[in-house]
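Residue-level listing of the chains:
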Amino acid sequence: MDYSAIYPELILALFAIAIPAIGMVVKNSKYLAAISLTGIGLSMLAVFLFFYNGTGPIEFDTGLLVLDNFSALFMMIFLCVAFVVVLASGKFIENEKHVPEYYCLVLLATVGMLLVASAQDLFVLYLGIEITSMSSYALVAFRKKDLRGSEAATKYFIFGGFSSAFTLFGISLIYGLTGVTSFTEVGAAVAGLTDMKEMLWVALVMVIVGFGFKVAMVPFHSWAPDVYDGAPTTITAMLAAGSKKMGLVAMFKFFLIALLAIKADWEIVVAVLAILTMTVGNLAALNQTSIKRMLAYSSIAQAGYILIAIAVGTEFALTGGIFHIMTHAFMKGGAFIIVATLATVAIGDRIVEYKGLAKRSAILAFAMTIMLFSLAGIPPLAGFDSKVVLFSSAIYGATDGSEWMIWLAIAGIINSAISLYYYARVVKYMYVDELEEGEKSEKLKLPTSMLAAIIICVVAVIGIGVWPEPFIEFCKDAAAAFF
Amino acid sequence: MNIPLEYILVLSSSLFVIGAAGVILKKNIIVVLMSIEIMLNAANINLVAFSTYYGDTTGQVFALFSIGVAAAEVAVALAILLNLNKQKKTVDIDEINLLRW
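Chains A and B, in that order, give the protein sequences. Going left to right, the first sequence walks through residues 1 to 483 as the numbering used here numbers them. Going left to right, the second sequence walks through residues 484 to 584 as the numbering used here numbers them.
Watch out, some of these pointers could steer you wrong.
Label pairs and their in silico Cβ distance ranges [to be verified]:
hint, chain 1, residue 1, chain 2, residue 2, range
1, A, Asn28, B, Asn568, 30 to 36 Å
2, B, Leu547, A, Lys144, 40 to 46 Å
3, A, Met196, B, Asn485, 19 to 25 Å
4, A, Ile22, B, Ile550, 30 to 36 Å
5, B, Val514, A, Ala452, 42 to 48 Å
6, A, Val466, B, Ile501, 53 to 59 Å
7, B, Val514, A, Trp404, 39 to 45 Å
8, A, Asn95, B, Ile507, 37 to 43 Å
9, A, Leu147, B, Ala504, 25 to 31 Å
10, A, Leu435, B, Ala504, 50 to 56 Å
11, B, Asn568, A, Ala343, 25 to 31 Å
12, A, Trp201, B, Pro487, 20 to 26 Å
13, A, Val466, B, Thr540, 52 to 58 Å
Within a straight-line C-alpha distance of at most 27 Å, the following computed DSS-like cross-link-like pairs (lysine-lysine) qualify [stated by the list, open to error]:
hint, chain 1, residue 1, chain 2, residue 2
14, A, Lys445, A, Lys30
15, B, Lys569, A, Lys97
16, B, Lys572, A, Lys145
17, B, Lys510, A, Lys144
Think of the hints as simulated: they come from the structure by calculation, not from any bench. We treat Cβ as the ideally placed atom computed from N, Cα and C, and that holds for glycine.
Build the full structure now, drawing on both the sequences and the hints.
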């Protein structure tokens, strides 16, 4: 038992438990946000110390939880997402009831994500996913008087519960087949499996369905736009940038460690699902009138790009997948937080309301443009770099017998071109369209804390975009630690 | 007397299918929630059965965790449902139609 492997989780859990108690005394949302930020900061420090000391992987217990380059990088990504979300929430939920519970649940959801990042065991992975899911069900329903939020939460827990039942049944079958639960042991046992292949396929289908719902993979994506639309916008940012990425990390572990031996059986399925996911996501985003729904469909499409990493399954592809998860966390989180900021100054989520935004608030219009162009993959922004790594890994992966992988790259590039249309449409509304007589045109007064959160995202997107080498190195180390 | 493993697997798979059918076909959200619980319990039966088969306690311990998770899930789900029911006097899944594309 080496507790230093779970310091980040422990610190966050401690703060999550303390915050409702502190909330008895401190009622102000901003102070509570500051306390949560302290917790997240300390947790980041623990992860940073791991990188700084360079002691190598720390195992909590053999085959349960491990803190290595892979899990530490993902912890950092999830903690950054939580940091930005909490920073923006301080103002966003100022006038709501039950503020302490909000921060408690955000921190608990993050604890679940960290557990998934470091899980080495099927069961720990399942528990981590459930901690995050349950906190987010409650967070989506946070506004008790808001009917849309309640309906979104209802849909979310029905789909979420249904998918966890599939995941759990799949896990139980894998446990039954192999008799072990840690990923590496399962991987070895699956490689040596001679009979009962049919049962493994049943388990494989169950797991694909279960995780497919979690990462909103087509054809299991129908819940995502509704939930993202109905949830409070800061929570939408967390769902899109954090909890969906958690599902992808879980899929990495499942497919690329535990089920790697039977890759030939599932690679085509995952590849087809990846292409379907990106195409359906992008096509559905084209004619959305609500910016939250548009971004939700775009995030379905982005999950499709990341699935390429699983279908190709090389170390290089995993580097690309991790890198794209990192950049996507900042750009999608940033975009949703801009939507949340505009909601505090009474600009709703219909895209037409963004008309003439450049005149009303130059900085927000600029930040939104950066996020959207990065999502579309325009150089020199972060989204471009990560797409280059991801798509080129598919091309390099296409050797004898796997020429089909080239189609993944082609589909990804065509889809990026399609997606530019709906991203550019928003930019056109903000910069080109003139305001008509009688429409509101005064300058916007924006809350500083939310602006700070947005600036962090903008700096990250431009910084990673212009100077990608060190980040790619981090992702490479993570991918090397993973295999 | 030992019950053969196949019997238990048939039981658990049937329960899982019954639960999945309930989630897809039923209109009442409370019944849907109960169906999800049936599915989770099917998986728990599997875990305990395999654990006994291998003579290894991991599966049984995890089944306990999983029961705890399922209980928490019901608590959260019922709270959300109660809140929905307060605003819109219904538990019919077809009337949850505000969010559409």
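We went through each hint and held it up to the structure:
Remark: the range hint 30 to 36 Å for Asn28(A) to Asn568(B) is upheld by a beta-carbon distance near 32 Å. A beta carbon spacing of about 32 Å between Leu547(B) and Lys144(A) contradicts the range 40 to 46 Å that was offered as a hint. Distance hint for Met196(A) and Asn485(B): a CB-CB separation of about 20 Å, consistent with the stated range 19 to 25 Å. For the pair Ile22(A) and Ile550(B), the supplied restraint of 30 to 36 Å holds, since their beta-carbon distance comes to about 32 Å.
In this structure the hint that Val514(B) and Ala452(A) lie 42 to 48 Å apart at CB holds, the actual value being about 47 Å. Between Val466(A) and Ile501(B) the beta carbon distance is about 56 Å. The supplied range of 53 to 59 Å therefore holds. For Val514(B) and Trp404(A), the hinted distance range of 39 to 45 Å is satisfied, since their beta carbons lie about 44 Å from each other. Separated by about 40 Å at the C-beta atoms, Asn95(A) and Ile507(B) satisfy the suggested range of 37 to 43 Å.
Distance hint check: the CB atoms of Leu147(A) and Ala504(B) are about 29 Å apart, consistent with the given range 25 to 31 Å. Taking 50 to 56 Å as the suggested C-beta distance range, the pair Leu435(A) and Ala504(B) conforms, at roughly 54 Å. Remark: the range hint 25 to 31 Å for Asn568(B) to Ala343(A) is upheld by a beta-carbon distance near 27 Å. For Trp201(A) paired with Pro487(B), a C-beta distance near 23 Å keeps the hint of 20 to 26 Å intact.
About 54 Å separates the C-beta atoms of Val466(A) and Thr540(B), a value consistent with the hinted range of 52 to 58 Å. As the CA atoms of Lys445(A) and Lys30(A) are separated by approximately 18 Å, the hinted pair is consistent with the 27 Å bound. With a C-alpha separation of about 17 Å, the suggested pairing of Lys569(B) with Lys97(A) holds against the 27 Å cut-off. A hinted pair counts as satisfied when its Cα atoms are at most 27 Å apart, and Lys572(B) with Lys145(A) qualifies at roughly 14 Å.
Proposed proximity of Lys510(B) and Lys144(A) is supported: the alpha carbons are some 23 Å apart, at most 27 Å.
The structure is inconsistent with hint 2 alone, although it conforms to all the rest.
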